[in-house]
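Enquirer: Since the structure of chain U is provided, determine the placement of chain Z on it from the hints.
So the protein lines, in turn, are chains U and Z. The numbering used here applies: residue 1 is where the first sequence begins, and numbers increase by one. The numbering used here applies: residue 374 is where the second sequence begins, and numbers increase by one.
Note that these hints are calculated values from the structure, not bench results. In this text, a Cβ means the ideal position worked out from N, Cα and C, and glycines have one as well.
Not everything, but these chain U residues come out facing chain Z in the computed CB check (under 10 Å): (1) Pro49; (2) Lys51; (3) Ile114; (4) Leu226; (5) Val236; (6) Val250; (7) Gly255; (8) Glu345; (9) Thr346; (10) Val368.
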Amino acid sequence: MAHAYTPGLKVSPKIRLTKKRILPLKGDVVVNVGDTVTSDTVVARTELPGKVTPINAANILGVPAPDLVEHVLKPEGSPIAKGEIYAVAKSFFGLFKTTLKAPEDCHLENISQITGKILLRGKPLPVEVTAYLEGKVTEVYPQEGVAVECWAAFTQGIFGIGGETHGILRMVCKSKDERLSPEKISPEHRGCVLVGGSIVTAAALKKALEHGVRAIVVGGFDDQDLRNFLGYDLGVAITGSENKGITLVVTEGFGEIPMADRTFELLKNHEGHKACVNGATQIRAGVIRPEVVIPRPESELKAGPEVTAGALIIGTPIRVIREPYFGRLGTVSLLPPELTPLESETKARVLKVKFADGIEAVVPRANVEILET
Amino acid sequence: MTQKPEDIKVIIATDCGSTTTKAILIQYDEEKGEYRQTYRGEAPTTVESPFEDVTKGVLNSISELSELSGRELLDENNMILKKSSPSEGADIYISTSSAGGGLQMMVAGVVRSMTAESAERAALGAGAIVMDVIASNDHRLPHEQIERIRQLRPDMILLSGGIDGGTKSHVVDLAELISAADPKPRLGIGFKLPVIYAGNRDAREEVSGTLEEKVDLVIVDNLRPVLEKENLGPARDKIHDMFMEHVMQQAPGYKKLMEWTDSPIMPTPGAVGAIIERVAQLYDLQVVGVDIGGATTDVFSVFVDPEDEKPVFNRTVSANLGMSYSISNILAEATLPNISRWVPFPIDERELRNQIKNKMIRPTTIPQTLHSLAVEQAIAREALRLAFVQHKSFATTLKGVQKQRTIADAFVQTGTEGTIVNMMNLDLLVGSGGVLSHAPRRNQSAMMMIDAFRPEGITRLAVDSIFMMPHLGVLSEVHPKAATEVFLKDCLVYIGTCIAPVGQIKESKDVMKYSIDLPQGRQEGMLRQGEMLLFPLGVGEKASAVFEPTGKADVGAGKGTRVETVVHGGVVGLILDGRGRPLMTVPDDKDARIQQMLSWLENLKVYNMDELKALGRA
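Pulled out of the complex, with its shape left as it was, chain U reads as follows (with noise of 0.2 Å):
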């Protein structure tokens, strides 16, 4: 197979980034293309239905369910207040009633003369959707949602928890193979986005939640406190909804793995910058990577050396995502095209990789990523 390499996670010092900003279902677009928005602005809202709430109505009245309707007060459709009554049923000469109160506000959404039931619909659920990004809007898809546009320096994470937030980004850590520890973490961090080495430590990670840290962006994180930290182990790689108070953005893997140079550089270079971070990952179909945005005017940033993305020639920088070598950087020297045996006795194809140390290692090319700007 042509293309059977994995593409690289992106890490690039000046890009112009778009989001879609879309709702879940049809509602309103707040803003117009050309506003100016911010992190919190909100763009578009609209109105999820109620929850519904069957009533045995028919056996609650003792009445057959076909002549419920008979005894419901009000027509489908129609609002009732909490503590009103929709429905009566006499019984001996009108000695006896059986009342139904609408347990909150609702409306009455269904009578079934079959099942003699009846659907009760809650208050509509508001849902906002905010600009995520600082940057204008460029587009606006009406009923639905806007397109936001921004300069940033961006990069991506291999795995992440949490959805989107914000905060002012700080180092903590000095170097990249530094581990982020609790005594690192301090109440002056509250509500920033904290950057750390090759390890945030199960500790350190419960103190930034008590300090109110808004996010973490780290080289690697231990499987074991993940389970730990999130109640279960996680068993399919779709994330972003957990509400545990903080997002988690792991950009090389499991592990105490530095993270790589340029995203470590890169993130100093910003350091004190407002930064957008989402760990919503999916790696399925539709592959989602966990991010960190940092919103900047364009003329603040510079470029980073070109590579052309997915071509994998001789100069090729990469980094190996498998043992034995997993996560050392390096260069493309050798690409042959057989089919090579590993010391697994698979047959794959190859690619000969020099490291920085000058040391050179055959590893499949399905086990690199190219290192992309």
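Expert: For chain Z alone, coordinates are given in the frame of chain U:
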């Protein structure tokens, strides 16, 4: 398709998977008078951004096919050249698809173990992933069920319930729940969700009245017209139609792809099931097929129902048991001790957990070291085992049917109540999916399948050589002869035959005397408890054999009864498994367990033993 089958000489078939689109070329060999698969090409699937057009990946894979075969398959406009000549074109083009998450369905029925289970069987048989089963007795409150229907956003819903002429209110109740949830389809904003009603005939009017304004309702015959009978065909066919008309129409590029194909596009698992069912029927076999993918594991089986003696096809999908995207879930479900019992060296839990998670987040990587390979194959055993447990509990005789029992039945204890999966009757076990099809040694595939499925008696083992069962499944709909010929000659790689006596024998005691007339001479001896033996017998070779189990063991003819038979060879050969059934427990002591594993692996030549033993010392 208007062509006569005899006019079809060249066939292109593609399978658009979630990551890769695989194309195969099938050609008619005039001299031998048979169809053979000749070339295979593949390219990344292009359903997702930035391409968002499945046909690009299809054309890339066909273009690779063209390059490899030297046959022009695409014209100057990059269209498939239809009508073959000796050097170019193909007579038909067909395809399957599981891209974009496949067909995702929700099913509903009144009683969980009766109509809801029949509906689930119909949906699975059609190749769907069943996201949830809603039933009147599923212990959820109505508002929870409504919330669930709303959240899931399936591609379609299959609603069943009640026998014809039975109570209407329960199934109407379910229709009201669906109506209240007002569900939206996964793809295509603004479209109505397709709902197939296959329940009580007498409730059609009420169900229509409840649902037709909110969903795209289609009514078919009741899938459980009476308690004693399932009628899954109409519902299954309608699911295929709706898949084409609604779901595929919304997926990027599929409208174009549907115009290109000469027969309807089938969901990949539906196609795999079709070929397995056809071959089982044609050769009167009881078969188990498994496809272990990155995200899911599908198990297919055809077993004879002991009650009416008719073959019954079953398919299950273990939606979160897979070797890459959902590898982490195998650890969660199987637990560490169950995985580590198959690892022939000591492992550290923390390291193993991180290794598994790293595979999950970088799913396309392959094991470079023997250590990684052995760990992955240990995990695969557990994924297969769990998927098969699930399959056995689903492939049952119909529940809810009154049975006459005698006093003798009270003393019969079966492990899985009512399952029709009888491993002693199994003729053929077929493995498919990367970890089985692409294992560096076929001995590894054999060992994984035996450890996970635990075949009983005499069972042939095979793997799908290059994962072409989906292609052949869709081909079987238009050209059954070509499909079955290629299935038997090119698709299946016979691994050999496993002979596994059933019974629990005491440690180191005799299990079975054997005498096998191999091409190189007669092999005779005694298989002892806990022992595994391998004898060479090549592909296409047969050998006469006599097996004489000891008093407690059974190799197919009853306890202690001698069996004279002819056994078939394969790339691995004949495997004698003396570990007993149920499979003997591995020792608790770590060192003893590893020694035990090493002896089995050594006898079956599963790994390079010097390197494997070195891992244990490291």
